[in-house]
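Enquirer: Each chain, written out:
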Amino acid sequence: MYIGILGIQGAIQDHEKVIKKLNHTPLWVKTKEQFKSIDALILPGGESTTMIKLLKTFDLWSSLSGYINDGLPVFATCAGMILLSKKIDNYQKQDTLDILDIHVDRNGYGRQIQSFETDLSIPEIGEKEYTAIFIRAPKITEYSDKIRVYASYKDTPVLIAQNNILAASFHPELTDDLRIHSFFIDKFVMNKNN
Amino acid sequence: MEKKGTWNVKKGFAEMFKNGVIMDVTNAEQAKIAQEAGAVSVMALERVPADIRKEGGVARMANIKLIKEIISSVSIPVMAKARIGHIAEAQILQAVGVDFIDESEVLTPADDKYHINKRDFTVPFVCGARNLGEAVRRISEGAAMIRTKGEAGTGNIIEAVKHMRTVNEEIRAVKLMNDAELVHYAKEIGASVEILSQVRELGRLPVVNFAAGGVATPADAALMMLLGCDGVFVGSGIFKSKDPKSMAKAIVEAVMYYNDPERLAQISEGVGEAMEGLEIETLDVRMEERGW
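Those protein sequence lines, which keep their order, are chains D and P. Each residue of the first sequence is one higher than the one before, starting from 2 at the first, in our numbering. Each residue of the second sequence is one higher than the one before, starting from 18 at the first, in our numbering.
Read the hints as simulated data drawn from the structure, not as lab findings. Here the structure is a predicted model, which is why all the values come from computation and not from measurement. Note that the Cβ used here is the ideal one computed from N, Cα and C, for glycine as well. A hint or two may mislead.
[Claimed, not checked] No farther apart than 30 Å at their CA atoms in a straight line, the calculated lysine-lysine pairs in the DSS-like style are these:
1) D/K94 x P/K82
2) P/K49 x D/K88
3) D/K88 x D/K188
4) P/K192 x D/K18
[Claimed, not checked] Residues of chain D placed beyond 10 Å of chain P at every Cβ, according to the derived structure:
5) G11
6) Q35
7) P158
[As the list claims (entries may be wrong)] Distance windows between CB atoms, simulated:
8) P/L193 x D/E34: 35 to 45 Å
9) D/D156 x P/E293: 49 to 59 Å
10) P/T23 x D/L23: 40 to 50 Å
11) P/A197 x D/K88: 34 to 44 Å
12) D/K88 x P/S285: 28 to 38 Å
When you get a sec, could you build the whole thing from the sequences and use the hints?
Expert: Okay, here's the thing in structure tokens:
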């Protein structure tokens with residue numbers, strides 16, 4: 002499978018490494034034409050303000066939105082979740098793609114000194130707990146019944162899905178535990194049951 | 018259980034800056050311009066390096082009131098500089114809530130022998146390096162990110178290029194070493210064997226490595242990316258240029274398309290004049306020589 006990674010800014014290489022370990026082919030997506038050659042797309046962590054500006058400057062904003070709305074499987078981490086959200090409650094002027102039916106607070110878990118790692122229970126990827134790294138992470142403040150919740154932390158969803166999209170508040174690309182990427186490819190890209 | 022300030026949390030945060038630009042700012046207004054241009058973070062300091070160079074005197078951590086104003090004016094992460102070895106400045110910056118501390122040779126050093134033990138802190142640190150030994154020593158002290166020192170405030174890229182090329186050459190040599198050679202080399206360059214083994218395995222530094230010190234144009238930023246940097250710090254290069262807004266935006270765009278010359282040409286076209294540059298041979302103070 003050709004797994005695209007939005008190649009604008011952020012932890013692009015980290016996702017690239019994971020995709021290679023899973024024996025798929027990662028491709029950086031920096032132009033509109035490149036959307037045509039991918040089976041799925043990862044929106045990496047980084048700075049959402051930077052990504053939004055560059056997406057607009059280089060005329061990628063509407064193509065990105067179009068491909069996702071047409072069903073391109075997407076895995077969004079951290080800033081990626083912010084990009085897809087309906088609204089950013091604490092920065093309402095910041096634009097979003099308005100595809101996931103969630104509201105978020107940017108840096109909802111605090112600044113860097115509050116960033117943390119913790120073990121999550123995610124039944125869909127196995128019994129063993131998953132160590133999740135939260136870095137100035139977005140916090141989901143509202144979500145509709147279109148959202149399926151795969152994992153929560155302190156009663157707030159942190160790993161969710163809506164149709165073709167999987168989204169995490171934390172950073173699966175920063176650990177050696179490949180289960181979430183693997184789950185995304187099996188379930189969302191290759192449509193395998195179990 | 019929540020674990021804060023772990024190595025994964027510190028190092029992982031630096032990964033988020035990759036393929037991005039971090040800009041020096043001295044007040045809230047400049048911070049907003051940087052954010053608007055697409056900076057991934059801003060670095061708060063009292064004077065940009067070009068002014069420190071011109072005015073002389075002891076350069077210290079920025080005024081706390083100013084740092085707080087910068088923090089509340091932008092949504093992107095805020096970094097601030099502390100003097101080399103100045104544990105108290107670093108503790109104060111952590112207490113104020115800055116997201117990253119640069120233990121920087123651009124400020125006047127506070128200790129002629131020791132750097133800060135960065136493992137004592139929850140907040141992550143970035144440090145400058147001119148070669149692999151220096152980079153590994155800083156990582157041993159707990160730095161979660163490295164940058165070239167370059168020669169700050171000159172608008173002259175040669176020193177940053179030299180430092181990046183040196184680190185690259187040394188990494189290439191390390192990759193070919195056997196265990197015995199590695200131990201000997203570690204002794205020669207004053208670096209930890211354990212971290213050097215990681216370098217050998219990864220074929221790169223085990224932390225994010227940015228360029229800094231002398232970036233003045235979109236082409237300079239692209240050059241540093243071509244040499245293998247993970248991203249770019251721009252100090253005086255933005256706010257000492259003729260049109261800071263357009264320069265800031267162009268440098269951000271150049272980092273995204275560093276390997277696309279046609280786009281780089283378009284990006285460079287509309288940019289105003291770059292900051293005035295200085296020849297390295299004419300300098301009274303070589304900031305890169307600070308730090309040990």
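Enquirer: The structure should be examined with respect to each hint, and the outcome stated for every one.
Expert: Right, here's what the structure says about each hint:
1. D/K94 x P/K82: holds (26 Å)
2. P/K49 x D/K88: Within the cut-off at roughly 22 Å; holds.
3. D/K88 x D/K188: Measuring from Cα to Cα gives roughly 27 Å; hence the hint holds.
4. P/K192 x D/K18: holds (19 Å)
5. G11: violated (6 Å)
6. Q35: Holds, since 12 Å exceeds 10 Å.
7. P158: At about 17 Å from chain P, D/P158 clears the 10 Å cut-off, so the statement holds.
8. P/L193 x D/E34: 35 to 45 Å: With Cβ atoms ~40 Å apart, the hint holds.
9. D/D156 x P/E293: 49 to 59 Å: Since the Cβ atoms of D/D156 and P/E293 sit about 57 Å apart, the hinted range of 49 to 59 Å holds.
10. P/T23 x D/L23: 40 to 50 Å: Given range 40 to 50 Å: violated, Cβ gap about 25 Å.
11. P/A197 x D/K88: 34 to 44 Å: Hint violated: Cβ distance 60 Å, outside 34 to 44 Å.
12. D/K88 x P/S285: 28 to 38 Å: holds (37 Å)
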